[in-house]
Amino acid sequence: MLRLRGRSRPFLPVLLLIVAVVAAVPLVTGNPSMREELFFMLLLVTLATSVNVITGYTGYVSFGHIVFFGLGGYGAFWLMQALGVHFLVAAVLGVIPAVLVAAVVGAAVLRLRGAYFALATLGILEATKAFMTNFDPAGGAVGLSFNFSIYAQYGGAKSAAELAYVFMALVALAAIAASYLVRHAKFGLALMTIREDQDAAVVLGIDPARTKVAAFVISAVFPALAGAAFFFKNGIIEPGSAFDLTRSIESLVMVVLGGVGTVAGPVIGAAVYEWLRGFLITSPALASFQLTIAGVLLLVVVLFATSGLVGVLRARFPAVREWLE
Amino acid sequence: MSALLALRGVTVAFGGLVAVDDVSFDVEEGSITGLIGPNGAGKSTVFNAVNGVYRPRAGSILFDGRDIVGMPSQRIARLGIARAHQVVRPLTDLTVLDNVTVGACFGRDGLGLAAGRRRAAGVLEQLGLADRASQPAGSLNVAQKKRLELARAVAAGPRLLLADEVLAGLNPHEVDEMLGVFASIRDAGVTILMIEHLMQAVMHLSDQVVVLDYGRLIAVGTPAEVQADPAVVEAYLGDPRAAERLMADEP
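Residue numbers (our numbering), protein chains in the order written: chain C, 128 to 452; chain H, 2 to 252.
You can trust all of the hints, since none of them are fake.
To spell it out: a stretch of chain C is covered by chain H in this simulated footprint if at least three of its residues, at any positions, have a beta carbon under 8 Å from a beta carbon of chain H; those stretches are: (1) 308-316; (2) 325-335.
Partial pick of chain C residues on the chain H-facing surface, computed with a CB cut under 10 Å: (3) MET319; (4) THR320; (5) ARG322; (6) GLY388.
Hints were generated in silico from the structure; no laboratory data involved. Ideal Cβ placement from N, Cα and C applies to all residues, glycine included.
Next comes chain H alone, as it looks inside the complex:
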């Protein structure tokens, strides 16, 4: 396996505030990488740097060997990086089907409208939203909107999926279903980089876990390695109860 995405010394700063500080890690093709860290650690900022919303002050981001720093977001999307946002942003007046069709038509595959609709219908089926297809997206509940957000990203046919807290706010049953969805997306050949607060889910799904704290990378490794890393337990999981919880969830 080779690195599909490689961050090299990426630094993102807003004025004097350094949100991401000299972060480097690789995401192997076909893997699931979990990106974890306390609130404000810079996880979402890393995503914003990868898909071109923020431009890093320093460092390079290699996607399939090509530096994508400075590219506009829409070009990065067409190269094959799709994103499911933490704060869902459905196109509320459009139908669920049209929302997902947008992903299929303007993402990496750039399908025509008819082919895009067919792809979207298939993805809705896969994510259990088929019966909502003709509803306006604004009428969905939170769990459904999360799925829609994911469906729209998947419909693009991406090589890399950036999933930002897709599991947050779901009940345990819905989380279980989503874990299955993630596994099937990965099995379809999509590389996944996911931000998640549900440790159990991250540790269970991920091939590799990247830990950020105050914008710095403090650990990279397999779930077992990261959980055993004293730096993670002490610095990031400084809260002993959180550490306990993490250990208890060991797969």
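Pulled out of the complex, with its shape left as it was, chain C reads as follows:
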């Protein structure tokens, strides 16, 4: 009888532990600037890990994925500001508009394949941004901002920022866990079958429409939660920062850099990308070339290491292969 490769290696717990330990450092040391930096990195980890579910596992490049970050942010922000809802409740409810858009619009645009889907997601992002810019109840182009007294119920601005940070870290951990579970579930196998050959998938008994919409919805949940935390901490939200195309594309770059369709890839990609940017920005000689260098780096990965950093690590260090998924 053929021996089936067991899933005995504790890859997920190790990955979660590493992220959790790193995330805990600024809470222990009480270093606010480090907390800010790590907040942003955890946000990027969440965005990259989420977009990887629809792009890496399913093969549908979602250029406008940041729309879910913005929708979650706006939903939660409005609930907190207009109705005085507690942040944690608002963040969870803020997922609803993101999930609705993912399910309804996803059902329509996930029929498209390849570049057409990618373009459609850009359309969704720009349309949503244009709508919010002209939607007065959400502040229009100016957006919404908190009165600082709103942080009083959380024990002041500092503890509100800490709450947002802890929440962000938990969302990142949940996104990684969800990515792993999807990857190893029957559902994930259906996604990868669709990625490889959708026409064959149908003949094998997979319902591509439902499966893809489910993946799109899952990939929308975590960016929405992250958006709630990000704008709660910032105290201001406006269409430009909520629906930022550059950040949307950056999260795809991180996925490609780390390793498309892997669990660890988006995490490593986000961390390396953000570390590199920090390094370049603070280096006087290279600061003005940071985007150029990032672009060249992306070209190198796409041309010479299509499986990303995870692929390079796996190829170079066989011992790592069994550990890195």
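Please arrange chain H on chain C, whose structure you already have, making use of the hints.
Using the frame of chain C, we list chain H on its own:
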């Protein structure tokens, strides 16, 4: 025995081109039916109609007494019709085992992932691919990919297997092995409808042979009846050498 699959006046057309024209035949449960005909006779189109890839312009297709015309392919697959394609389409980045697991998990039996893996491992063993299980499917050679295609279809636990030229491109030794595989699949209770150009194989394996020419059904019967049918010899096997070859291969 009763008909597991029954085609009734099935017509498939693409614009003005009628690829399958008013075709009717039955496939008995537990049998092997060979579907033969020259290139372009409409054999693969019949398969595409049966598993819902093309919708017939007219006629009905009864699977276990139920009309499946208009059903989406994935539902037909879950009812128990699996297909091994002529042009193999492995999921190249997935392992051989995962490829077959897809069949087990989403086909008729709809197994869970763990049970699907076990079923897939068993089928790979049966089809002699067990030692390739953890390789990416893209790394297999043509003969292995053909087997994989068949393994994926069998793993679904289908009631009806549509096998489209699974023997094409195999060497005589591999063909012999595959004939044994087909017989064992049939013995496991799976009804088989196969398109095949290797007359020897078709005539040897089939309980019934269906002959198409230019989209029309020109003969149905046992291998012996079909080979003796003047319509088949004259119209389909109009090439005398092909007729000779067919006769020489008589089992």
